[in-house]
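Read off the chains here:
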Amino acid sequence: MKLRTTLMGAAGVLAMATAAMAERGSDGNVNILYWQAVSIMNPYLSGGTKDIEAASLVIEPLARFDAGGVLVPFLAEDIPTVQNGGVSEDLTTITWKLKPGLVWSDGTAVTSADVVFTWQYCTAEGGGCAQGAKFTGVTNVEAVDELTVRVTFDGPTPYPYGPFVGGQSPVIQAAQFADCLGPRAPECTQANTYPIGTGPFTVTNFVPDDVVTLAANPNYRDPAKPAFATVTFKGGGDALAAGRAVLETGEFDYAWNLQLAPDVIEGMAAAGKGTVVAAFGTNVERIEMNLTNPSPDLPEGERATVKHPHPILTDARVREALSIAINRDIIDEVGYGPAGQPTCNLVPAPALYASDNTACLTQDLDRANALLDEAGWVRGADGIREKDGMRLSLLYQTSTNAVRQDVQALVKADWEAIGVETELRNVSAGVFFGGDPASPDTFQRFYADVQMYTNNFEGNDPQAYLAAYACDKIPSPESGWQGENINRICDPVYEAMIAELAAAREPEVRGEIAKRMNDWLTKDNNIIVPLIYRGRVSAHANTLGGVQLNSFDSELWNIADWYRID
Amino acid sequence: MLTFVFRRLLLSIPTLLVIGLVVFLLLDLAPGDPLANQPLSIPPEVREQMRAALGLDKPVYVQFFLWLYQFFVVEPLVLIDRTFGTAFAADQVRILSWQFRSPVMDVIWQRMPQTLWVVGMAYLVGVLIAIPIGIISAVRQYSIFDQIGTLISMIGFSVPTFFTGVLLIVIFSVNLGWLPSIYDTQLVVNDWASFWQQVRQMIMPVAVLALFNASQISRYMRASMLDNLTQDYVRTARAKGVRENAVVMRHVLRNSLIPVVTVIALGVPTIFGGAIITEQVFKVNGIGQLLISAIQNNDIPMVQTLTFIFAVLIVLFNLIADVLYGLLDPRIRYD
Amino acid sequence: MTDATAPRAVAAAAPPATRARGPWRDVWDQFRTHKGALIAGLFLVAITLFAALGPWLWQIDPNALNVRNKDVRPIYTALWDAGAKVSWSHPLGTDQLGRDLLANLIQGGRISLAVGWAAMALSVVLGTLIGVLAGYFKRLDGPLMRFTDLMLALPLLPLLLVMMLLFRDSLRAAFGPETGIFILIVVVIAVTSWMHMARIVRGDVLALKEREFVLAARSIGTPPRRIITRHILPNVLSPIMVSATLGLASAIITESALSFLGLGFPSDFPTWGKLLFDAVDRMADFPERVIWPGLCISLTVLAVNYIGDGLRDALDPRIRGR
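Those protein sequences? They're chains A, B and C, same order as listed. If you read the first sequence in my numbering, its first letter stands for residue 1, the second for the next number, and so on. If you read the second sequence in my numbering, its first letter stands for residue 1, the second for the next number, and so on. If you read the third sequence in my numbering, its first letter stands for residue 1, the second for the next number, and so on.
Read the hints as simulated data drawn from the structure, not as lab findings. Cβ coordinates follow ideal geometry from the N, Cα and C atoms, glycine included.
Simulated coverage check for chain C against chain B, where a stretch passes if three residues somewhere in it have a Cβ under 8 Å from a Cβ of chain B: (1) 155-167; (2) 205-217; (3) 238-244; (4) 249-256; (5) 279-286.
Just a few of them, taken from the derived set where beta-carbon distance is under 7 Å, the chain C residues facing chain A: (6) L261; (7) P266; (8) S267; (9) D268.
With the Cβ distance kept under 10 Å, some of the chain C side facing chain B (calculated, not the full set): (10) G36; (11) H196; (12) V290; (13) S298; (14) L302; (15) Y306; (16) R312.
Using the sequences and the accompanying hints, generate a full structural model.
Here is the structure:
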């Protein structure tokens, strides 16, 4: 009550007209349900989406991406560019200016020293910073004055918006984390769970992997926000239960990431208590072709390595046939609905980088059959194609997930129609996506002919994402099966394009090169067979206003603007 | 008996150490990675650094001895510090979870209330229902009561909790709107209103689990009673003119309890282990949910600690069962 | 125990026998009088035949997709809802991908019953063996029970993952993908579920071996093997029966949990447990998809339970002929 009256005074007569609507803490409590519970409030120690998004209520970066993928300043006054002088002509430095008068939730001033400290914190030896990639190529971060920070790169960097941009790399308070550098980082439990921030809320109670309660930050820079006084951030259960709690029982106001079949979501939404919202970022569900031979007959150490090219899938005609035989519309209808759209692109957004490639969208069984005939695969007695005594039989693996298993069944049926035998396998997600070099079931090892999963890139620049398909990034026994070039692509044509993109400066030129790379991987060679451009789907109660679902940054990026509709 | 208990307690120390070691090796051997849940956009070299920060680059035996030291030296010291305000463990590193980066013991402690309330209560209710049902079913074998009891307990056992739990939610939360579908672990019970709220949120998970427990225990109770009801000593007692009630309650029941005691003793440690599926369905977030999420995230310190505490309880309750056998049937001797 | 007291009532009902009546004949005669057990036995035979012969009678491929014909309701829905999408070609309806539910129940029954029986049998053998040995032989009690404690304490999921990791590929190579995974799943379920049975059996044996008839047998020099098979085992039969019944149910359910975790059969192998699990999401709109597999599991378990009851009565000479 005391807080409210002082705020009323502060807001003054000016805001009287809207004061009733936009008064800090006037709308009570908002209940958020994440079916993966929050473990920690520090994105530098956990890259998990749930942790990054929970932390985004409390700590903020210099700039965020809005729902359209456009950079908007948060702690910074504006976005530095070459035009406004913020980015140097030679593209080696970027200079950020903080908004004047910013304070942490404990009342102390935010200065450039905090930004510099954030860089030191993430790059300290032995800290195991999850966002280390944000700072690759950064040679120095220095405080020019109280409010100005200059980031220096080791070479021309056409896209300098990595450090301190987006939910993954917020600015943390130097005073709070001063003793938590390097190996001591995980030991600072208090700082990692009750961070002092600049965001609209502060943590009042943190129970790991269960519930976080937050209260409006009394020192938030906009005196009228946030409208909610408290947030209950509950975790646990599964996507179905989360959807039900918002859409059917109305116990919660916001449910995150409803990875459910469209008919299930529709059924729940019919109860009329909430709204399902979707937003598209850069997630693409794809089938990846293995260019190396994963046969168990090969000795361990040579299996699925470049020593042995794949006996079937190195033929581009077979790959194309497999791609165009798939009916993407049905996959979308059964598995994704409003949360997806069929795509042929690896880079589906932003518009600057998205190719107009739509060749694969119509299923074409005749052409697929013709291609296989042409490649010398003829149908045997049981309808399965054969060539030189070898059956056209593929092992198709993915992670365990109800929708993925449905898609597997659909693709299997499509491939059987063109005489391709398919054996299905699903691997528990923790094993499949875990990089354990000792496990034969990781997606990096790729002990299967084709596999399916989703990948994306952060922010709005695909350079690093497209550069992953380089020869030196092939996972192999020598590299401990680490590496991002899952398909084992090694082609001088593509290598040249990687170098070209890294050197290009003009956005239009970069877009053109990226589109060529995308087309090379998908349309021209079908090494990556995109299926569905996936969106994020969340649900909010009909009484919750201001939600703008964002797929490029934290979903809760604008929680300061949320309000209650009576 | 006392020497037996003492000997067994001594013997359980090496047993537990072996169990601890086996569990640790098992976890080490299991495929999976603490970074599995991190987004794919994190590049391999950063992942390597994150693994090193977790201590994963050290050899297994170093990791195991570190855990042993932390579990048996640091954690008790922390407990002493907390109780007496001392500072023995001030600069010692506690067992830190790889998921939360916070001390494992604190998290387990936070999970205890809801686990005991829901899982423990369900077990108690299950036992309290099962024993009378088992007795009546056996005494009146093939009566209507027995038939219905059999039907319900077989359905209760054969229909999995992931189904019964969701069914209850659909009926009582979605359609009728009577009960909450999400358990509030932070609820403070300080008046009638909050007590009523606690009761309401406990009804469904407790009912689901109690049905499952009661089904199992009542079957053993019934079978064991049936075995004993036809024994000669029962006929003798009846012939002596002992009242039927006394025959059943004093003679038969006592002799029938051995398998039931075993089942209950095996069940009590599982209360601590939580109920993975039920906790997930009702978002109770107790120990079961903690264990499964730790396993899925390959959070070895957490899994190891939970499993070890679980092992201690198993060994302890099996010992208690053995002692109870001796009390129930004095002919059983261990020396 | 061995001299069967031939009950008069049953003897009269039995056809005139020329050969000497064996004890098993008495068991069968007693079993026949137990109506529940008899019905249950018939049901079990019927459901086994349904699963075994079903694919010949109902020739739809359980994996055949027909997305245009998805979400067909069971034929009986038409009784109260004339507008329902029903079709005689799918009497129990289809799922969200247009797979026929009846064909899936048949195919699922084959796998679930096979896994359930095999895993249950294996775990009963293991549990009984270890329980009897530990209860009867004092020297073995300590080591075997500490081993049981160890097995009880091991976290199930990592154990399964490790077993899959170690044995999946070699079994797949030796027996092919289907049989290989079948053997693995049966062994995995059995190896992780015998401990309760062992502890229960041991507890009973500890009490039994001090009973007068065992002491008597021992005092006349009967070797332990004979004491165990003749005197101990028949008397621990009823907890074994209960465990076996419950074990069958949990084996069928555990199998579904395994496929949920990505450790079980490939997703194109339907099982009752998996059908039930997959249908929970759409329970309110399509109750038939949970009711039918749920009924199959429950009724099978119920039938086994009644047969267990009947067998127990029939094998108990004190009840026989009452």
